[in-house]
Amino acid sequence: MNPAPKSETYPSAMASAASSSDAGARDSTAARAAVDAELVRRMRSKDERALGTFYDRWFPVVHGVVSRMLESPDDVEDVVEEAFWQAWRQAERFEVERGSVQTWLLTIARSRALDRLRARRRLREDPLVDATASEADTSAPTAAAPSDPLADAEHAERSRIVRAALADLPAEQREALELGYFGGLSQSEIAEQTGQPLGTIKTRMRLALQKLREKLHPLREAVT
Amino acid sequence: MSREMTHDEAFAVLDALAFDALDGAEREAVIAHVSTCIPCREELTALRDTTAQLAYAATPSIGTAGASRQRIRSRLMARAEAEKEQIRDRSAVISSLAWRRAEWVAAAASVLLVVSVAVLAWIVRDRQALRDTLSGQAARVAAAQRTTDSLRLAVLARDSMVVAITGRDVAVMTLTKNGVNAPFARMFWDKTKNTWTFVAHDMPDLKPGRTYQLWLVTAAGAKISAGTFDPLRGEAVVRATYALARDSLAAVAVTEEASGGAQQPTTTPIIAVTAAAAGPK
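These protein sequence lines are chains A and B, in that order.
Going by numbering that gives the first Met the number 0, 115 is the number at position 116 of the first sequence; the sequence numbering is gapless.
Going by numbering that gives the first Met the number 0, 80 is the number at position 81 of the second sequence; the sequence numbering is gapless.
Everything labelled a hint here was simulated from the structure, so no lab data went into it.
Be aware that a few hints might be false.
[As the list claims (entries may be wrong)] From the structure, some residues in chain A lie toward chain B, with a derived Cβ separation under 7 Å:
#1 V60
#2 S158
#3 R162
#4 G179
#5 Q186
#6 M204
#7 L208
The beta-carbon is built from N, C-alpha and C at its ideal position, and this holds for glycine as well.
I would like the entire structure built from these sequences, with the hints used as guidance.
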């Protein structure tokens with residue numbers, strides 16, 4: 000049986016922030032997209048400093064989504080590392096015409112997390128394997144990692160807008176989205192887990208995504 | 000094998016594909032359609048942009064997970080450095096191999112050059128030898144041709160002589176001298192063609208500065224030189240052409256004279272014959 004993803008509450012008051020600051024969000028988004036595209040271009044040339052900067056900019060979001068999807072800190076660390084490593088190795092495959100850096104990186108991160116999530120589920124179904132045997136020792140003292148305050152602020156703002164948009168959705172639509180996105184469940188599995196007909200789940204997800212698309216449109220990164 | 004989807008069918012489930020929430024066969028069918036449909040591809044790109052933003056619904060790890068953040072960063076940078084090192088090493092190996100290969104190529108080129116020069120020299124020498132052989136062969140052929148021509152001329156001369164001594168209108172006279180081993184000769188006079196063929200045997204050796212001279216003596220007492228000759232091992236042949244009336248010949252004689260011959264005989268004939276002695280022919 001698939002575990003329910005971790006749930007969070009979304010303050011509906013944040014939803015209004017999206018519409019009131021559309022113009023500012025578009026400017027900020029375009030500037031951010033340009034910076035990311037330049038970093039990926041340098042990563043393509045195997046510029047390690049670009050990788051460091053890219054990691055510092057995107058760690059909070061990547062780590063956040065992976066932590067939401069996976070329970071084990073060990074798995075989270077592994078998957079976050081593998082996601083950035085894949086971005087480094089495949090930077091030359093990134094085509095700006097086919098999408099933004101944000102979509103590219105977050106798709107990679109979610110795909111790696113889904114792989115790990117599904118692997119863990121298979122292990123849990125095997126009674127001979129103790130899935131909780133390995134846990135990371137996160138207490139080891141380490142030097143503070145560099146961060147990108149501006150990027151962190153943008154992430155925080157964006158997070159508020161997205162969570163507000165989700166909070167505006169009907170609960171059953173939000174649940175379907177969460178199970179699909181963070182839980183990595185197929186529509187059939189969501190129908191099974193929620194006890195709803197498959198057609199109902201499909202409709203809920205489609206409606207939810209349409210609403211999000213309208214609300215989050217200003218945050219979409221321009222494809223340059 | 001999955002069933003081919005219509006555009007409407009595929010378009011209706013693009014949102015699920017953006018979520019990666021489709022099961023195997025259906026997922027494959029939608030992806031197959033999207034790969035050939037531009038509107039679906041554009042719609043899927045937009046849906047994926049929206050879906051990716053759901054990542055922000057998870058609380059970003061700002062100011063948290065510091066230790067984990069640093070550990071991952073250190074491992075990433077170490078892997079990137081190691082990879083770069085590998086690339087550098089590989090480049091160095093490739094460069095080294097390239098140099099080594101260049102050295103081999105240079106060495107091979109040098110050997111090839113030396114061999115080519117040697118072969119060229121050998122070919123030049125061989126051509127020269129062939130040319131020399133060809134020249135020698137040509138010279139031998141020319142010499143053989145000359146010999147053949149000479150033999151042909153000799154045969155022609157003999158044939159001519161045979162004709163000269165066996166003709167219907169040929170008078171034969173024998174010139175002798177008394178004594179054992181005395182020289183003797185025969186004169187063949189073809190009265191029709193006015194040719195004279197003289198064949199001598201057992202002629203004594205001449206002293207240096209001396210020669211034999213053949214004379215035709217007419218009834219009027221004139222002595223006409225028919226040529227000089229130096230016998231080889233006592234043998235000699237003299238041929239001459241001189242028109243003489245049939246009844247004008249009185250005698251034929253051979254005298255010994257100084258080299259180059261004389262206007263008139265200066266010594267006693269060594270051998271001779273008179274026309275009367277020879278008899279009518």
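Status of the hints after comparison with the structure:
At about 5 Å, the closest approach between the beta carbon of V60 (chain A) and any beta carbon in chain B falls short of 7 Å, and the interface hint on this residue holds. Below 7 Å, beta-carbon pairs count as interface contacts, and S158 (chain A) has one with chain B at about 4 Å; its hint therefore holds. Annotation: R162 (chain A) was flagged as interfacial toward chain B, and the flag holds, the nearest CB pair being 5 Å apart, inside 7 Å. Taken as an interface hint, G179 (chain A) checks out: its beta carbon lies about 4 Å from the nearest beta carbon of chain B, inside 7 Å.
With 7 Å as the threshold, the beta carbon of Q186 (chain A) comes within range of chain B, its nearest partner Cβ sitting at about 5 Å, so the hint holds. Checking M204 (chain A) against chain B by beta carbon gives a least distance of about 6 Å; that is within 7 Å, so the hint holds. For L208 (chain A), the suggested interface contact is upheld, since its CB lies about 5 Å from the closest CB of chain B, less than 7 Å.
Comparing the model with each numbered hint stated earlier shows that all of them hold.
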